[in-house]
Each structure stands twice: as C-alpha cells, then as structure tokens.
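Protein chains in written order, with my numbering: chain A, 19 to 699; chain B, 17 to 296.
Honestly, the hints are just simulated from the structure, not real lab data. All C-beta atoms, glycine included, are put in the ideal place defined by N, C-alpha and C. Errors might be hidden in some of the hints.
What the hints assert, rightly or not - Cut-off 30 Å, straight-line C-alpha distance, at most; resulting in silico cross-link-like pairs (DSSO-like, lysine-lysine): (1) Lys76/B / Lys260/B; (2) Lys151/A / Lys636/A; (3) Lys76/B / Lys36/A; (4) Lys36/A / Lys260/B; (5) Lys661/A / Lys218/A; (6) Lys77/B / Lys36/A; (7) Lys77/B / Lys55/A; (8) Lys55/A / Lys76/B; (9) Lys55/A / Lys36/A; (10) Lys55/A / Lys260/B.
Claimed, not checked - Derived CB-CB ranges, DEER-like: (11) Phe155/B / Asp71/A: 44 to 50 Å; (12) Ile119/B / Met677/A: 40 to 46 Å; (13) Ser152/A / Pro143/B: 56 to 62 Å; (14) Leu224/B / Phe65/A: 45 to 51 Å; (15) Arg244/B / Phe65/A: 38 to 44 Å; (16) Val112/B / Ile644/A: 41 to 47 Å; (17) Ile119/B / Pro98/A: 35 to 41 Å.
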Amino acid sequence: MNRPSRFDQGDYERPTQKWVCGWAAEGRACRVGPDQKGRCQATYECFPVRKGDRWSCARPPGGGGPCEEGPLPDGTCCHPIPTCQPVRSLRTRRGMVTLLVSAFTFSLLLLFLAGPRLVVSPHLFVSPGPLVKSHEVIRDCAACHVAAQEHPVGELLAVLASGIRVADSQQCITCHRSDQGLKPHGLPPQNLSQITERMKRAPSPLSPSSSLSLAPAAADVRPDEHGELACVPCHGEHLGRTVRLTRIDNQYCQPCHLVRFPSLMNGHPEFTGYPSQSRSRWQFNHVSHEKEHFPTKGIAFGCQHCHRPALNRRTILTDPFERTCTGCHLEHIQRGSGIAVFNLPGVDFETLLDHGIEIGEWPDEANLDLEEDLTPFMALLLSADPKVARDLDELARAGVHLYDLEKASERQVAAAGRVVWAVKGLYYDLLTNGRAELVARLTKAFGVPLSPRDVPALTGQSSEAPGWLFPVIQPDWLNRLQAAQRRWLPDVMAEVPLYRAGKTVTLKELAMKFIATGDAERENPVGGWSRVDRALTLFYRPAGHADHFVRAWVDVTGKRYGTAGRAAEIFEILTASAPDTPGQCMRCHARPDAQSQQGRLVEWTEERSLPAERRAVKFSHAPHLIRQACRACHALHAARDFKPIVKATCTTCHTGQKMNDNCLTCHTYHVGTMTTALVMK
Amino acid sequence: MISFAVRRWTNLAVCTILSGLGILLYTLSSPALRHSSFFIVSGWVLFGLLIVLALYTVRKKLPFLPLFSSSQWLQFHVYAGLLSVVLFCLHIDVRVPSGGLEIALTVLYLIVVGSGLVGLGLSRTIPGRLTTRGEQVLFERIPALRRQLRDAVEGVVRRAMTEANSVTIADFYARRLVVFFADPRHFWRHLVESNRPRYRLLNELVVLDRYANTEERKLMDEIADLIRAKDDLDYQYAHQAVLKYWLFVHIPVTSSLLLVGFVHGLVMMVYYYAFRGGTG
Chain A
19 MNRPSRFDQG DYERPTQKWV CGWAAEGRAC RVGPDQKGRC QATYECFPVR KGDRWSCARP
79 PGGGGPCEEG PLPDGTCCHP IPTCQPVRSL RTRRGMVTLL VSAFTFSLLL LFLAGPRLVV
139 SPHLFVSPGP LVKSHEVIRD CAACHVAAQE HPVGELLAVL ASGIRVADSQ QCITCHRSDQ
199 GLKPHGLPPQ NLSQITERMK RAPSPLSPSS SLSLAPAAAD VRPDEHGELA CVPCHGEHLG
259 RTVRLTRIDN QYCQPCHLVR FPSLMNGHPE FTGYPSQSRS RWQFNHVSHE KEHFPTKGIA
319 FGCQHCHRPA LNRRTILTDP FERTCTGCHL EHIQRGSGIA VFNLPGVDFE TLLDHGIEIG
379 EWPDEANLDL EEDLTPFMAL LLSADPKVAR DLDELARAGV HLYDLEKASE RQVAAAGRVV
439 WAVKGLYYDL LTNGRAELVA RLTKAFGVPL SPRDVPALTG QSSEAPGWLF PVIQPDWLNR
499 LQAAQRRWLP DVMAEVPLYR AGKTVTLKEL AMKFIATGDA ERENPVGGWS RVDRALTLFY
559 RPAGHADHFV RAWVDVTGKR YGTAGRAAEI FEILTASAPD TPGQCMRCHA RPDAQSQQGR
619 LVEWTEERSL PAERRAVKFS HAPHLIRQAC RACHALHAAR DFKPIVKATC TTCHTGQKMN
679 DNCLTCHTYH VGTMTTALVM K
Chain B
17 MISFAVRRWT NLAVCTILSG LGILLYTLSS PALRHSSFFI VSGWVLFGLL IVLALYTVRK
77 KLPFLPLFSS SQWLQFHVYA GLLSVVLFCL HIDVRVPSGG LEIALTVLYL IVVGSGLVGL
137 GLSRTIPGRL TTRGEQVLFE RIPALRRQLR DAVEGVVRRA MTEANSVTIA DFYARRLVVF
197 FADPRHFWRH LVESNRPRYR LLNELVVLDR YANTEERKLM DEIADLIRAK DDLDYQYAHQ
257 AVLKYWLFVH IPVTSSLLLV GFVHGLVMMV YYYAFRGGTG
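Go ahead and model the full structure; you've got the sequences and the hints to work with.
Encoded structure:
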C-alpha cells in the first residue's frame with residue numbers, strides 16, 4: 019500500500035530537513051516542499067514541456083502521472099498547488115524543545131548563582147560539602163567567608179581570584195584565638211628567622227626527592243605578603259562530618275621548610291642529644307641509684323618505683339618526694355641546727371667603751387667570746403636604712419668585724435656603734451610594729467614591693483592560711499623573736515627610745531649572767547623556729563621537703579640575684595650543697611642557669627615552659643607503654659645517665675607501613691598559644 | 017560475526033568489571049579522600065561519560081562519518097549508560113544530596129536515566145509489535161496513507177449513493193467514519209493493544225447489514241476492510257510515535273543535565289581548590 023514500485027512514484031519524504039509541507043499532516047504534501055527557511059515554494063503540479071508546437075503535461079507518476087486536462091495554451095500547468103504554511107519537522111521540533119529547556123536551565127542557574135541574595139540562599143542552592151561535626155552549628159557562609167557577606171557568587175569569584183584565604187582565616191581566629199594571629203607556627207617572625215638561620219648553618223641531610231620538589235606547586239601554603247598564612251591550605255573544610263581537620267599530609271609541611279625529606283625513615287635528621295643532653299629539672303643519677311644506692315639499701319631498682327603514667331597516659335610523671343625519696347633524703351634536708359636568721363652578733367664593746375661609745379645593754383657572751391657576724395637576713399633587714407647600709411658596707415670593705423674592733427679606725431668604730439644600735443632598733447621595731455615592719459624593711463631592701471602572699475612564707479608560716487587571719491594571729495617568728503629579746507635584750511624596749519631621743523644609755527652587765535643560765539631551748543627536732551641562746555641566734559630549721567620558708571626565700575632572692583645587695587648572699591646560703599647545711603635543695607633540683615637574664619629561678623615542679631622549637635615536638639607515652647619496657651628507649655649510660663635516643667629507636671616501628679610516620683605524629687604546628695576550644699562570640 | 021547473546025554477555029561482563037573496579041576504588045579510598053580526590057575524579061569521569069553518551073545523537077545526525085556503525089553506538093550508549101548509574105551512585109556516596117543544585121542535578125539524572133530505560137524498553141518491544149499488525153510503514157508517510165484510506169472510503173460511500181441508491185452507508189459514514197478516518201484514533205488503546213474500538217466499529221457496521229441490500233453489502237465489506245486498514249495504520253502510528261516522542265524527554269533533559277553538571281563541576285572545583293587544604 020505504501021511502497022512505490024519505482025523511485026519516482028512515491029512521495030518525497032524529508033525527515034531530516036527542518037521544514038515540511040504544511041499539507042503533509044493532511045496527507046497531501048506537495049512534491050516541491052518548503053525551502054531551508056520554511057517558505058512555501060509551491061507553484062504548479064508540473065512544469066509542462068514543449069514538444070513541437072504543443073505543450074505536454076510533465077507530472078511525474080508519483081504525483082498522479084500526466085493529467086487529462088493538459089497544460090494551458092501558454093504552457094502553464096492547469097493544476098496550481100495551493101500554498102501552505104510549512105511546519106517544522108519532528109527532529110527540528112525536538113531540537114527546539116532541547117534549546118528551550120537548555121535556555122530555561124541556564125536562566126535558572128543564572129538566577130540562583132547571580133541573583134539577588136533574597137532570591138537565593140547559598141545554603142539551599144549550592145552545597146559545598148558537609149562541614150565537620152564541630153562546625154555544624156555554623157549556618158551562614160558569611161560567618162567564615164568574607165566575600166560571601168557581599169553576595170554568594172562573590173565568594174566564588176573571590177576564591178577564583180585567590181584573595182579570600184587570609185581574609186577568611188581572620189574569621190577562624192575570632193574563635194580559635196592565637197597570640198600571633200596567622201603568623202606561621204603562631205610564632206613571632208623573629209623567632210622563625212632565628213630558627214631558619216640556625217638551620218641554614220646546619221648541614222642539609224638530604225636533597226629533596228623528586229616528589230617533594232613538586233610539593234610547593236601541589237600545596238599552596240606560602241605566606242602572603244604580610245607574612246601571614248591562611249588556615250585553609252592545611253585545614254580543608256567541607257569534606258565531611260567525620261574528617262579530621264588536624265590530619266595533614268606531609269606535603270603541606272614541606273613547602274616552607276629549608277630541609278625537605280619524604281619521611282621519618284628517609285631523610286629526617288638524626289635526633290641530637292635527646293634526652294640525655296637536655297637540661298633536666300631534677301638532678302637524679304639513675305645509674306648510681308641502680309648500681310650503688312638501691313643495692314645498699316636492699317631495694318630493687320625499677321622505673322615503676324618512682325614513675326607512673328599521667329591520667330592522660332601521654333606523659334610519665336615522677337612520684338612526689340614523700341613517696342619516693344623521703345626514706346633516704348629527708349635527713350639531708352633537716353641536717354644541722356638550721357638556718358640562722360635573727361641573731362645578736364658578737365660585739366667588742368670594750369673597744370667601743372674605750373672610744374666613748376655606749377651601746378646600752380648587750381649580752382656578756384656576745385663579747386669577744388662570740389665571733390659571730392650579723393646573719394645575711396639581719397644584714398638585709400638592716401640595709402633597709404641607707405645609713406646603716408653604708409655603715410655595713412664600710413665595715414665589710416675594711417674587713418672589720420663587730421666582735422673585733424681593736425684595729426678599727428675611729429670612723430669604723432663609730433660605724434660599728436651605729437650598727438649595734440641599728441640591731442637593737444631592728445628588734446625594737448619588729449617587736450613594736452610586727453609584720454608591717456618586716457614587710458616595710460624587705461620592700462626597701464629589695465627595692466620592689468612584696469606580694470602579700472609571700473610574707474607568711476618568708477617568715478616560715480604556711481601561705482595556705484586565709485589572708486584575713488594574718489593581721490590577727492601573732493606569727494610564730496614574732497613570738498620567738500619576742501622571747502629571744504626578753505632573754506638577750508630585756509631592756510631594749512626602753513633603751514631604743516632613749517637612744518633615739520639622743521640620750522646616753524650605759525652598758526648593763528647583769529644581763530650576761532642571766533643569759534649564762536638560760537640556754538634552755540635547743541634544736542627543734544620537727545623543724546620550724548628554734549632559739550639557741552648559746553649562739554644568740556634564732557634558727558629556722560626546714561620542716562621537710564618543699565619547706566615554704568626556704569622555698570620562698572630561694573624564689574625571692576633568686577629573682578633579685580645580682581640586683582638587690584644581699585639577695586645573692588642569702589640565695590647562696592640557701593642553695594649550698596655542703597653536707598652540714600640544711601635544705602640542700604640543689605642536691606636534686608637543677609641549679610638555676612647563672613646566665614639567665616631573669617635572675618636565678620629554681621624549677622621546683624615538673625612542669626616548665628619550653629622554648630618554642632621544643633614545643634613543636636610531642637610524644638605520647640600511651641601507645642608506647644608495652645609491657646612497661648621503658649628501657650627499650652631509655653637505656654642507662656654510666657657517664658650521661660641515659661643514652662641518647664636515636665632515630666633508629668623510632669624507625670623500628672614508624673616505617674610508614676607498620677606505624678604512621680606522618681610529620682604531625684611527632685610535631686605540632688601551632689607551637690604558640692592557640693586555643694582549640696571554641697569560644698563563642 | 018558475534019552472536020547477539022555473546023555480544024550481550026560480553027558487554028555485561030565489561031560493564032560489571034568496570035563497575036566492580038569503581039566500587040573497589042570507592043571502598044579502598046579513605047573517608048576523607050572520598051570527599052576530595054575520589055569525588056572530584058568520579059565526578060569528572062561521570063561528566064565525560066555523559067558527554068560521550070550525548071554524542072550519540074550527534075552521530076545519528078552525521079551518518080556519513082566513518083565512526084562505527086549506529087548499532088555499535090547504540091550498544092555503547094546502553095551499556096555505558098548502565099555503567100554511569102553505578103558511577104553516579106558512588107559519586108553521591110549513595111545518599112540524598114543536600115544542596116539545591118545537587119538535588120536538581122540528581123533529579124535531572126534520574127529523569128535522563130529513567131527515560132533512557134523506558135526508551136530501551138520501547139525499542140526492544142515495539143518493533144516486534146509493529147510486525148503483528150498491518151503493514152510496516154514510514155512514520156512520515158502515515159498521513160498520506162491515511163488520506164488515501166479516507167479518499168477510498170469516500171469513494172465507496174459515493175458509489176453506495178449512486179449505484180445502490182441508498183443513504184444508509186452515507187449516514188453511517190457521516191455519523192461514525194468521518195471522524196475515524198480524519199485523524200489518528202485510539203492512541204492509548206493501541207499502545208495497550210486493545211482491539212475494542214475496532215470491533216465496536218465493525219459491529220456497528222454489521223448491525224447495518226439487515227438494512228442493506230446486496231449492493232450495499234458488498235460496499236460495506238469494502239468499508240470494513242478500509243476500517244481494518246485504518247485501524248492498523250493507527251496502531252502503527254501510535255507505536256512509532258512513542259518511539260519518536262520519548263526522545264522529546266530524553267534529549268532535552270540530557271542537555272539540561274550536562275549544563276547543570278558542568279556548573280556543578282566548576283563550583284565544586286572552586287570549592288575543592290579553595291577549601292580542600294591538606295586535610296586527609
């Protein structure tokens with residue numbers, strides 16, 4: 019039915035052309051068809067041909083063959099084709115629909131991406147990926163992306179222009195505070211410069227491998243022109259709820275560093291002198307304790323006897339003195355009479371009388387028989403008066419002692435007389451004004467105010483007592499000092515006002531007899547204040563480890579070592595390590611660095627602040643505590659206490675395959691102060 | 017010559033291997049990498065695959081190009097399309113996307129895949145059906161054939177009026193057959209292969225038999241044949257139209273998908289290079 023027997027008998031189909039005849043839908047499409055622009059080209063059903071003097075119909079068989087009417091006399095066909103309105107072909111219509119849908123889609127994209135902010139919320143339209151769990155509360159792009167505050171598409175454009183990162187990172191540190199802002203490693207630039215210069219002088223252990231040579235290109239972590247480093251290059255966001263932002267690939271560490279290497283196994287510099295050459299907080303000879311002291315006492319030497327993991331198991335703590343060292347070392351702390359604090363020096367008052375200097379009452383035993391100078395504590399308190407300080411200095415420079423003035427000059431004897439009255443005046447003032455006088459004199463002597471909390475400790479009182487009690491309770495030292503005054507200088511409270519009024523107070527000898535029979539108190543067996551009349555001295559004997567009097571005076575005088583006149587002398591006495599001296603703190607605690615600019619600070623506790631580059635190294639004992647095999651890493655060494663830990667100790671396991679050898683396994687980037695806790699604004 | 021069965025199993029095997037490879041890479045990649053490198057790579061691979069799939073329609077418009085046969089392109093189109101489903105699932109991490117752009121992209125992809133599967137089903141079932149009813153005709157030629165049938169039936173009606181001198185057939189034609197022969201009829205009934213309209217019309221013609229004379233009965237037999245021919249032609253039209261018109265969904269939505277996919281890729285690349293950092 020539908021298949022022509024000849025090619026010219028059927029209709030001319032044009033399925034691939036853009037336009038088809040408008041009559042095609044009615045089944046009578048003309049054979050001419052529209053042109054490429056959809057214009058009807060219909061004229062006649064045929065173009066008659068002239069044969070001789072006659073016109074013949076040329077209608078093809080497909081169009082019905084030659085018609086019966088034949089052409090008109092003028093040679094035109096007698097069957098004109100009615101014109102039509104051509105229609106698009108099916109394929110063209112499909113193309114039109116495709117074009118329209120594409121245009122509609124493009125318009126929607128344009129509207130959502132570049133439209134007004136009210137029309138589109140970037141949250142709803144574009145999902146850059148889920149934030150990590152801790153950032154999920156942030157719902158507004160503009161909270162982190164500065165450019166997004168203007169317009170959603172502005173963010174994209176700003177990102178493309180690479181100008182967004184540092185600006186955005188400023189938003190990060192509004193919550194994650196850092197002292198140094200976005201400075202690399204959170205360190206002042208000068209610190210990094212010093213480290214860099216030091217590294218430049220060190221020999222490079224390895225040339226960069228080919229893969230690491232590409233690291234700068236792969237990881238865009240260079241600081242900007244202001245020396246600031248954005249957070250994003252290392253801490254990628256929008257990567258999922260469970261992604262760890264602190265897990266950084268090695269390549270992100272390499273671009274900034276002078277020495278680049280692929281891994282711990284391959285190229286990491288050898289450890290230098292850790293931990294044997296690092297300055298320990300405590301001087302403890304592990305070797306001698308294992309080989310000599312412990313066997314002598316019949317005790318087995320083991321790490322766990324003195325050390326235990328901290329609660330976080332990252333660090334290993336040393337048990338306190340009371341649990342570890344008391345058995346052997348408490349006696350060293352309380353050895354001897356104690357520390358001489360208040361005293362009456364020996365005075366050659368016969369020479370003073372020969373020079374017409376009356377000193378009033380003074381113990382007879384303090385004459386030539388008692389060759390004792392003022393204690394450094396007394397000298398310190400007396401030096402609060404500049405005149406007395408000058409007299410003391412003059413006598414000290416001349417090598418003149420109060421108990422031997424025979425060879426002293428007239429001027430020096432006069433100075434000695436003034437010093438004797440100053441001593442009596444000190445007793446008088448302390449007993450009259452109490453703590454206030456002590457604080458005032460120490461403040462003047464040190465040149466700086468004392469902390470109110472320091473005062474109790476400086477007099478041997480516990481600083482744990484509430485502050486409001488201090489003015490109420492009569493301190494022990496003052497009671498002891500009052501008792502000493504009643505025995506040694508019973509009339510001093512009457513004599514000093516007379517002396518200060520310019521009256522002469524003559525020597526009283528009866529007091530000497532009284533003292534000769536009154537030396538009742540001896541050494542205090544439990545520590546604290548004790549009076550020894552024979553020596554005319556008030557001693558302080560350490561009550562045990564971490565005695566607050568000793569510690570307070572060591573701290574106070576250590577801070578003023580070299581600045582306050584007599585602080586150094588007291589500090590040396592308190593930190594002396596001679597066998598017969600009390601305290602002996604420096605037997606175990608590291609002696610302060612003499613070159614320190616901040617005086618001499620004794621590191622009493624285990625914690626200490628480390629230099630910045632040291633804080634860049636971290637180590638957690640927890641995963642390494644396998645069968646308590648401490649000595650697998652910490653091997654004892656006779657001369658150096660411990661053998662240094664070498665890289666091979668770590669690379670036994672941290673090969674990259676067996677255990678992680680990522681840079682951040684052992685190093686911390688943020689070595690400055692960087693709060694990780696979210697601070698909600 | 018590779019048999020159809022061998023070719024199908026070979027294609028399925030290749031498709032399965034590639035899908036397994038993708039799933040393996042997805043499984044081996046760490047969760048962090050899934051959100052960075054794997055998704056970037058899988059996204060662009062998927063986009064490239066969609067581009068190649070879309071080129072099939074271009075290839076059909078350029079039949080003179082010696083770039084494999086249309087049949088081979090169709091084979092590739094079908095199996096690569098199935099592979100893209102696996103890749104798409106891995107790319108979206110087998111979860112519902114969150115952003116509006118991503119949801120739109122997913123919907124568009126599902127429409128494209130759905131229409132493609134529908135088209136695949138149609139191309140597998142309709143050709144068989146077309147051989148069962150009437151003569152296979154060119155779709156573009158159906159209007160002309162319909163007109164021929166209409167002219168034929170009108171000729172029969174005229175003969176009935178002149179030769180049989182009766183208006184019974186003319187009345188029936190005016191009442192029932194004018195509309196039937198004017199346009200394609202019973203489109204959806206033909207798609208579900210229902211013959212009820214055809215038999216109803218023929219039954220109505222049979223009912224007229226008691227009122228017709230001998231001449232008219234002969235003419236009514238001719239009309240019945242023409243009704244059957246027209247009904248077969250409508251059957252051909254309905255099925256061929258479906259084969260043509262499903263592409264009105266598949267191709268335009270594909271273009272929209274590619275456009276949105278490209279924008280999605282650009283945005284993700286910007287985000288990726290801006291925020292990926294060293295994490296992971």
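Tested hints:
A hinted pair counts as satisfied when its Cα atoms are at most 30 Å apart, and Lys76/B with Lys260/B qualifies at roughly 14 Å. Using a Cα cut-off of 30 Å, the hinted pair Lys151/A and Lys636/A holds, with the two alpha carbons roughly 26 Å apart. Annotation: proposed proximity of Lys76/B to Lys36/A holds, straight-line Cα distance about 15 Å (limit 30 Å). About 16 Å separates the Cα atoms of Lys36/A and Lys260/B, which keeps this hinted pair within 30 Å; it holds.
For the suggested pair Lys661/A and Lys218/A, the alpha carbons sit about 28 Å apart, so the restraint of at most 30 Å is met. Between Lys77/B and Lys36/A, the direct Cα distance comes to roughly 13 Å. Compliance with the 30 Å bound is thereby established for this hinted pair. Between Lys77/B and Lys55/A, the direct Cα distance comes to roughly 19 Å. Compliance with the 30 Å bound is thereby established for this hinted pair. Proposed proximity of Lys55/A and Lys76/B is supported: the alpha carbons are some 23 Å apart, at most 30 Å.
A threshold of 30 Å between alpha carbons decides the hint, and for Lys55/A with Lys36/A the separation of about 8 Å falls inside it, so the pair holds. A distance of roughly 24 Å separates the Cα atoms of Lys55/A and Lys260/B; the hinted pair therefore holds under the 30 Å criterion. Between Phe155/B and Asp71/A, the C-beta spacing of about 47 Å keeps the proposed range 44 to 50 Å intact. Evaluation of the 40 to 46 Å hint for Ile119/B and Met677/A yields a pass: the beta carbon distance comes to about 43 Å.
Range check, Ser152/A to Pro143/B: about 60 Å between beta-carbon atoms, so the 56 to 62 Å window is met. At about 47 Å, the CB distance of Leu224/B to Phe65/A agrees with the hint of 45 to 51 Å. The hint said 38 to 44 Å for the Cβ distance between Arg244/B and Phe65/A, and at roughly 40 Å that hint holds. Range check, Val112/B to Ile644/A: Cβ separation about 46 Å, and the 41 to 47 Å hint holds.
Roughly 59 Å separates the CB atoms of Ile119/B and Pro98/A, a value that falls outside the hinted 35 to 41 Å.
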